[in-house]
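Participant: With chain B held as given, fit chain L onto it using these hints.
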Amino acid sequence: MNAESSLATDVTSPRPMLDMSGIVKRFGANEVLRGVSLQVARGETVVVIGPSGSGKTTLLRCVNLLEDYQQGTVAVDGEPVGYVMDRGGQRQRMAEREIAAAREKIGIVFQSYNLFPHMTVLQNIVAAPIRVRGIPRPKAEQRARDLLAMVGLSEKADAYPARLSGGQQQRVAIARALAMDPKIMLFDEVTSALDPELVGEVLAAMQQLARDGMTMIVVTHEMSFARDVADRVVFMDGGVIVEQGAPEEMFASPRTDRVRQFLKRYNDRYRI
Amino acid sequence: MKTFAPLLHSYWYLFRGAGMTVLMATTAVVPATLLGALLALAQIFGSRATRSAIVGYIFIIRGIPLLVLLTFVYYLLPLTGVDLPPFWGVVLVLACYYAAFMSEAFRAGILSLPQAQWDAAKSLGMSRRLMLRIVIFPQALRLAAPPFINLCINLIKATSLVSIVGLWELTMASREVVERTLAPFQIFLAAAAMYFCICYALALYGKYLERRVLVGH
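Those protein sequences? They're chains B and L, same order as listed. For the first sequence, the working numbering gives the first residue as 1, with consecutive numbering after it. For the second sequence, the working numbering gives the first residue as 1001, with consecutive numbering after it.
A portion of the hints provided could be inaccurate.
Anything over 12 angstroms on all C-beta distances counts as not near chain B; from chain L, calculated [unchecked claim]:
id, residue
1, I1064
2, L1077
3, C1096
4, G1166
5, Q1186
With a straight-line Cα cutoff of 25 angstroms, these simulated DMTMM-like cross-link-like pairs (lysine to aspartate or glutamate) come out [unchecked claim]:
id, chain 1, residue 1, chain 2, residue 2
6, L, K1122, B, D158
7, B, K105, L, D1119
8, L, K1122, B, E104
9, B, K105, B, D231
10, B, K139, B, D158
11, B, K183, B, E67
12, B, K105, B, D19
13, B, K183, B, E79
14, B, K183, B, D228
15, L, K1122, B, D77
16, L, K1122, B, D181
17, L, K1122, B, E141
18, L, K1122, B, E79
19, B, K183, B, D77
20, B, K105, B, E141
21, L, K1122, B, D228
22, B, K105, B, E197
23, L, K1122, B, D231
24, B, K183, L, D1119
25, L, K1122, B, E189
26, L, K1157, L, E1104
27, L, K1122, B, E98
28, B, K156, B, D181
29, B, K156, B, D146
30, B, K183, B, D212
31, B, K156, B, E197
32, B, K105, B, E44
33, L, K1157, L, E1179
34, L, K1122, B, E197
35, B, K156, B, E201
36, L, K1122, B, D146
37, B, K183, B, E141
38, B, K183, B, E197
39, L, K1157, L, E1176
40, L, K1122, B, D19
In short, the hints are calculated from the structure, not lab data. In this text, a Cβ means the ideal position worked out from N, Cα and C, and glycines have one as well.
If we strip away everything but chain B, and leave its shape as in the complex, we get (with noise of 0.2 angstroms):
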């Protein structure tokens, strides 16, 4: 693993557009991340897998300091997100502003949709685009209005989140992150709330972005998702990545017996 990031500086590997290191994570005595290290080159999709509790989805919130961690050091294209060290070596808080701005290039789309419920679908997606960075009403609007037609909801803009299927919604949700132009997106078990007709959808927006070239890590349950879009497949258990690679050679030969448990459970459970 060192030897792979130290040749990461070498000018003909460009850096990699999120790079975590050492992330230790705890919740009281109980340590939910312990160590966890993970570098996504750009346009890079990893899928993160693994049991429930193993800390896939506080990895992911730790990616933009949703959820704070006690040591270890984030950096999005190279820009630190959240800590910076100083010169004696030790870890310095940015300030709230800084981390504002971090976020910014982060785009996360979570479990249960999150839209703001007191705007329509065009203003959820124009607000922060707009307050935060300063973009002109009617070019923001133009944007989302292309980002709708991405996911397929043109003429939802005008409607309230309540009013919208949960796979609509979560679509929603994909075009309000992307209306900040992320350099990097984070999908948060996207699919565990939906009801399994509106999964296929959803995962279809996903799979859209990633063939564009999106920067993307993706937690989810979906092995069949993992299966075809994922670049490498990440197993996290226990607050650490046991084991990565190409999901091809992941799924047919894992190399670790806890690979092999997790999926073999997994095969007989949706095995009909």
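Facilitator: Frame of chain B, contents of chain L only:
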């Protein structure tokens, strides 16, 4: 009709008393709301010391009857050398008293929003000030509106207590008229009807507001 007709002149007097009630209540409700909002925000975002001070304040206010507080301040103010006209003294007491309850209503409104709304706003790079203004407050106000309207109605009715410190309003006016006319039922029935009309109008307005801000739900 014979029992009420001779009292027409007195009703006009009551009506002016009712005007005074409304004036006093509206004057008090503005600072009460502002102070209440300030206390709510300070209690949520303030330092530990600020929070304890506000919790203590609310605890004390909640445990004292308004009547006792009014009387107490009425006797206390002259002793401290503060020369405040009785009207403003009463407005001050009402505002401080109801601010404590309003802050609890506002605080409950803000805190009952799911953490997910804060997360979503944060993840879009919003500053705390911005997310409060465009994400949190609009939703929190909708949740706080019913208890807020309740407190306003309470405040209106509470002005009937201020006659104890010699301020003239609807209840005081009614007592004066009863002493003159010896017709307590007709007069207090009229006073009760006037209080009811004021409060009912406010309740209707509250319902209207609720419907208007219920957008999207």
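Participant: None of the hints should be skipped; say for each whether it holds.
Facilitator: Against the structure, the hints:
No Cβ of chain B approaches the Cβ of I1064 of chain L within 12 angstroms, the least distance being about 37 angstroms, so the stated non-interface status holds. Separation of L1077 of chain L from chain B is adequate, the least Cβ-Cβ distance of about 43 angstroms exceeding the 12 angstroms criterion. Taking the minimum C-beta to C-beta distance to chain B, about 32 angstroms, the non-interface status of C1096 of chain L holds against the 12 angstroms cut. No Cβ of chain B comes within 12 angstroms of the Cβ of G1166 of chain L; the nearest lies about 47 angstroms off, and the non-interface call holds.
With a least beta-carbon separation of about 49 angstroms from chain B, Q1186 of chain L lies farther than 12 angstroms from that chain, consistent with its non-interface assignment. Straight-line distance between C-alpha atoms of K1122 of chain L and D158 of chain B comes to about 24 angstroms, which keeps the hinted pair within the 25 angstroms bound. This hinted pair checks out: K105 of chain B and D1119 of chain L have alpha carbons roughly 15 angstroms apart, not beyond 25 angstroms. At most 25 angstroms may separate the alpha-carbon atoms for a hinted pair to count; K1122 of chain L and E104 of chain B meet this at roughly 9 angstroms.
Taken as a hint, the K105 of chain B and D231 of chain B pair is honoured in the structure, with Cα atoms around 22 angstroms apart against an allowance of 25 angstroms. The suggested pairing of K139 of chain B with D158 of chain B holds, with an alpha-carbon distance near 17 angstroms, which does not exceed 25 angstroms. Between K183 of chain B and E67 of chain B the alpha-carbon distance is near 20 angstroms, which keeps this suggested pair within the 25 angstroms criterion. With a C-alpha separation of about 14 angstroms, the suggested pairing of K105 of chain B with D19 of chain B holds against the 25 angstroms cut-off.
Between K183 of chain B and E79 of chain B the alpha-carbon distance is near 11 angstroms, which keeps this suggested pair within the 25 angstroms criterion. A C-alpha spacing of about 22 angstroms is found between K183 of chain B and D228 of chain B, which places the hinted pair at or below 25 angstroms, so the restraint holds. This hinted pair checks out: K1122 of chain L and D77 of chain B have alpha carbons roughly 20 angstroms apart, not beyond 25 angstroms. Among the hinted pairs, K1122 of chain L with D181 of chain B is consistent with the structure: their alpha-carbon atoms are about 16 angstroms apart, no more than 25 angstroms.
Between K1122 of chain L and E141 of chain B the CA atoms are separated by roughly 21 angstroms; this keeps the pair inside 25 angstroms, and the hint holds. With a C-alpha separation of about 18 angstroms, the suggested pairing of K1122 of chain L with E79 of chain B holds against the 25 angstroms cut-off. About 8 angstroms separates the Cα atoms of K183 of chain B and D77 of chain B, which keeps this hinted pair within 25 angstroms; it holds. Taking the CA atoms of K105 of chain B and E141 of chain B, the gap is near 19 angstroms; set against the 25 angstroms cutoff, the hint holds.
Among the hinted pairs, K1122 of chain L with D228 of chain B is inconsistent with the structure: their alpha-carbon atoms are about 32 angstroms apart, more than 25 angstroms. Between K105 of chain B and E197 of chain B the CA atoms are separated by roughly 32 angstroms; this puts the pair beyond 25 angstroms, and the hint is violated. Using a Cα cut-off of 25 angstroms, the hinted pair K1122 of chain L and D231 of chain B is violated, with the two alpha carbons roughly 29 angstroms apart. Restraint check for K183 of chain B and D1119 of chain L: the C-alpha separation of about 19 angstroms stays at or below 25 angstroms, so the hint holds.
Of the supplied pair hints, the one linking K1122 of chain L and E189 of chain B holds, its CA atoms being roughly 19 angstroms apart against a limit of 25 angstroms. In summary, the hint linking K1157 of chain L to E1104 of chain L is supported, as the alpha carbons are separated by about 20 angstroms, within the 25 angstroms threshold. Pair hint K1122 of chain L plus E98 of chain B holds up; C-alpha atoms about 12 angstroms apart against a cutoff of 25 angstroms. Distance restraint check for K156 of chain B and D181 of chain B: the Cα-Cα separation of roughly 21 angstroms lies within the 25 angstroms cut-off, and the hinted pair is therefore satisfied.
The hinted pair formed by K156 of chain B and D146 of chain B meets the criterion: a straight-line CA distance of about 12 angstroms does not exceed 25 angstroms. The hinted pair formed by K183 of chain B and D212 of chain B meets the criterion: a straight-line CA distance of about 13 angstroms does not exceed 25 angstroms. For the given pair, K156 of chain B sits about 20 angstroms from E197 of chain B by alpha-carbon distance, which is consistent with the 25 angstroms threshold. Only pairs whose Cα atoms come within 25 angstroms are accepted, and K105 of chain B paired with E44 of chain B is accepted, the gap being roughly 16 angstroms.
Restraint check for K1157 of chain L and E1179 of chain L: the C-alpha separation of about 22 angstroms stays at or below 25 angstroms, so the hint holds. A threshold of 25 angstroms between alpha carbons decides the hint, and for K1122 of chain L with E197 of chain B the separation of about 31 angstroms lies outside it, so the pair is violated. Of the pairs offered as hints, the one joining K156 of chain B and E201 of chain B holds, with about 15 angstroms between alpha carbons and a cut-off of 25 angstroms not exceeded. A distance of roughly 24 angstroms separates the Cα atoms of K1122 of chain L and D146 of chain B; the hinted pair therefore holds under the 25 angstroms criterion.
The suggested pairing of K183 of chain B with E141 of chain B holds, with an alpha-carbon distance near 21 angstroms, which does not exceed 25 angstroms. Annotation: proposed proximity of K183 of chain B to E197 of chain B is violated, straight-line Cα distance about 30 angstroms (limit 25 angstroms). For the given pair, K1157 of chain L sits about 19 angstroms from E1176 of chain L by alpha-carbon distance, which is consistent with the 25 angstroms threshold. Our distance criterion of 25 angstroms between C-alpha atoms is met by K1122 of chain L and D19 of chain B, whose separation comes to about 21 angstroms.
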